[in-house]
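Enquirer: Chains A and B, in that order, give the protein sequences. The first sequence: position 128 = 128 (our numbering), numbered continuously. The second sequence: position 115 = 115 (our numbering), numbered continuously.
No wet-lab data here; the hints were simulated from the structure. Wrong hints could be hidden among the right ones.
Examples of chain B residues lying across from chain A (beta carbon under 10 Å, computed) [unchecked claim]:
{"id": "1", "residue": "93"}
{"id": "2", "residue": "193"}
{"id": "3", "residue": "194"}
{"id": "4", "residue": "205"}
{"id": "5", "residue": "206"}
{"id": "6", "residue": "231"}
{"id": "7", "residue": "241"}
{"id": "8", "residue": "243"}
{"id": "9", "residue": "245"}
{"id": "10", "residue": "262"}
Glycine is no exception: its CB is placed at the ideal position from the N, C-alpha and C atoms.
So you can see what is in the structure, the chains are spelled out below.
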Amino acid sequence: MNLVHGRHHTSALEWAVAILGGALVIALLGYLVAEAVRRPDTPPDVLARVERVRVVRGGYLVQIRVANRGERTAQGLIVTGELRRDGAAPATSAATFDYVPARSERAGGLFFQDDPRAGRLELRVGGFQEP
Amino acid sequence: MSTARVITPSQSPVQRRSSTRRFAVGLARALAGAIIFALPLLMTAEMWWLGFSMPPFRIALLVAVLLPLLVGMSAISGFEPTHDVWEDVRDACVAFAVGVVSSVGILLLLAVFTQGMSVRELVGKATLQAVPASIGALLARSQLGGGEEARRERAERAPSYWAELLLMTVGALFLAFNVAPTEEIVLIAYRLPLWSAVGVVVVSVIAMHAFVYAVEFHGQEAVPEGMPVWLAFLRLTVVGYAIALLISAYVLWTFGRFTGNAPLMIVIPTVVLAFPAAIGAAAARLLV
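Produce the entire structure from the sequences given, and follow the hints as far as they go.
Expert: The following block contains the structure:
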């Protein structure tokens, strides 16, 4: 598919690159427009869950994961873990997530001195800010 | 540096002295370029943190991507026309070395490097900073110096299409690298309404086309004779923007900005970063 324009000559490889580049840009625009038309603008909808518990030098690390199902980003999201054990005062630990983007996940951790598996660990998702 | 010719036995002591002097001048120029190009990032806190938070593999990959680009740049914009690929490889290595040395020097001066840091952290920080620094070191020879003669000689050799694409890649990488470490890129992306993202794409492409063809800068390309406007637009502007997108995505991935993100939250930060990257790509063609 070689074309000659005056003195200029466009080789097959140049055409291939041009077509790939054009396809990428058109696909990008199509994707963004489709998302813009289709997506409802829902606020952050965040759940936190425990991934696993590890023994570390200072006690126990609870690795957590927060998932945002909303279409907006939560900024400065606070997740608190409260560990209740029979006959002991509840222990708390908190983590702040800078950003939990729309439909995305972030990982973090909470430290406790006692084994969370020996008690009842409750994760609570606190407030956030719209970026 | 390409100023350092291999000294053959036939050279007189005078020639040898002047060759050494030229090498020293070239090195000083490269150092100046490295510092000018790297200083903004050397003084960016996010870059220090990335030095230890980034997986070492991604830092190594970055160097593997950078070195061939430096070799290509040396071939296109070198201080004087180089004769074979090994000279370009040597120049690229010197530029990288100058980039590392100048970064380490300034990070030591500013006490960013302190006692108690692990070797991995020090290497990570220095290597990351060497990316803009080595691009600066190599560019310095085409911009800061080189003399009128070399400049004219280069102007006569119009770079090939592939050379232009390589220059655009380096320009996109440099500008993307400069803004990607800051939090503002993801902050802008996360608050950007989708229709604004569409607008950013359109404006990026228009701005790029204006930079490349429409505005009359020094070193400006005119649309080649007989080429239809749409083809000129497709060949350099659209392909250039596609390069800016790919480089932006690569840089954001390298800095770990995509971890855990949904596809849309990968696309939008890429679009945001591709705006400066596209300008960088277009400007690189005008500079060299």
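Enquirer: All hints, please: hold or fail.
Expert: Each hint tested on the structure:
At its closest, the beta carbon of residue 93(B) sits 29 Å from a beta carbon of chain A; the interface hint therefore is violated under the 10 Å criterion. A distance limit of 10 Å between C-beta atoms decides the matter here; for residue 193(B) the minimum to chain A is near 8 Å, and the interface restraint holds. Evaluation of the residue 194(B) hint against chain A yields a held restraint, the C-beta minimum of about 4 Å falling below 10 Å. Evaluation of the residue 205(B) hint against chain A yields a held restraint, the C-beta minimum of about 7 Å falling below 10 Å.
Contact between residue 206(B) and chain A, as hinted, is not supported at the beta carbon level, the nearest pair being about 12 Å apart and thus beyond 10 Å. Because the beta carbon of residue 231(B) sits about 7 Å from the nearest beta carbon in chain A, less than 10 Å, this interface hint is met. The beta carbon of residue 241(B) comes within 6 Å of a beta carbon in chain A, closer than 10 Å, and the hint placing it at the interface holds. Using the Cβ-Cβ criterion of 10 Å, the hint placing residue 243(B) at the interface with chain A is satisfied: the shortest such distance is roughly 8 Å.
The closest approach between the C-beta of residue 245(B) and any C-beta of chain A is roughly 7 Å, which is under the 10 Å cut-off, so the hint is satisfied. At a threshold of 10 Å, the smallest CB-CB gap from residue 262(B) to chain A is about 4 Å, leaving the interface hint in force.
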